Amino acid sequence: MALKVTVIGVGLVGETIVHCLKERDFPCEWPPRVAATRERSKVLAGESMLVEETTKDVFMGADLVLFAGKEGAKGASVTWRKTAEKAGAICIDNGRDFRLAEDVPLVVPEVNADAIKEGVRFIASPNCSTIQLVVALAPVHRTTRIKRIIISSYQSTSGWGVKGPEELRRQTPMALESLENEISLPVSHRVHQEPTWICKFCAPPDKNFEDFANS
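For the record, in the sequence shown the residue sitting at position 10 is 10 according to UniProt numbering, with numbers rising by one throughout.
These are computed hints drawn from the structure, not numbers from a lab.
Any given hint might turn out to be false.
Claimed, not checked - Only pairs whose alpha carbons sit at most 25 Å apart, straight line, appear in this in silico BS3-like list of lysine-lysine:
id: 1; residue 1: Lys56; residue 2: Lys82
id: 2; residue 1: Lys117; residue 2: Lys82
id: 3; residue 1: Lys4; residue 2: Lys117
id: 4; residue 1: Lys4; residue 2: Lys56
id: 5; residue 1: Lys163; residue 2: Lys147
id: 6; residue 1: Lys82; residue 2: Lys4
id: 7; residue 1: Lys117; residue 2: Lys163
What the hints assert, rightly or not - Across the chosen pairs, the derived CB separations fall in these ranges:
id: 8; residue 1: Glu118; residue 2: Glu23; range: 44 to 50 Å
id: 9; residue 1: Glu53; residue 2: Glu102; range: 48 to 54 Å
id: 10; residue 1: Gly88; residue 2: Met174; range: 21 to 27 Å
All values derive from a computational prediction rather than experimental measurement.
Virtual Cβ for every residue (Gly too), placed ideally from N, Cα, C.
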């Protein structure tokens, strides 16, 4: 029986999720229900789809909810998790808000699908680089227990969503004009509400590092 799927968020991640549902012939009703902060039409997976405004109604009857966006300053899952669970849906969150929550399984199916216990209705998905890493390391860890790993991960600006590549495109011409000099341009544009310079840098030079050395 085809699943009723609701996708929350139609940024880069949400668009890709809808595309993958179609490309992989996922057993769901087509088109999936799609919602975001405001109602509009948008081309997704090559088709014009109605994007509904996110309200409690979009979760009614859903078997599976895929969170892939934000509601204002918060991740969509922070705002709508309880509503989706009360509606009876199983939820998978692509955002970072619940990755370290003790009551939420952080799952890579190829590695720890058994972490999804009976009755679990909310599942967190790790960062993309983490997924690739643990899939490769899991067989090694099972054979010879790994005690410590030191990783440096250099990720694309698209990880910030649409605004990341836009900011990089804005900065690139300025960087090219100043190749002979050290960049010392004032930065006024904000990505995730913080000014930062990303062009020509592996790590934003003016951002504070969070716990676990995330920036």
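Here's how the hints hold up against the structure:
1. Lys56 <-> Lys82: 10 Å, holds
2. Lys117 <-> Lys82: Holds, at about 18 Å.
3. Lys4 <-> Lys117: OK: Lys4 and Lys117 at ~22 Å, within 25 Å.
4. Lys4 <-> Lys56: At roughly 15 Å apart (the allowed maximum being 25 Å), Lys56 and Lys4 satisfy the hint.
5. Lys163 <-> Lys147: 37 Å, violated
6. Lys82 <-> Lys4: 18 Å, holds
7. Lys117 <-> Lys163: 37 Å, violated
8. Glu118 <-> Glu23: 44 to 50 Å: For Glu23 against Glu118, whose Cβ atoms are near 31 Å apart, the range 44 to 50 Å is violated.
9. Glu53 <-> Glu102: 48 to 54 Å: Given about 33 Å between the Cβ atoms, the range is violated.
10. Gly88 <-> Met174: 21 to 27 Å: 51 Å, violated
In this structure, the hints that do not hold are numbers 5, 7, 8, 9 and 10, in rising order.
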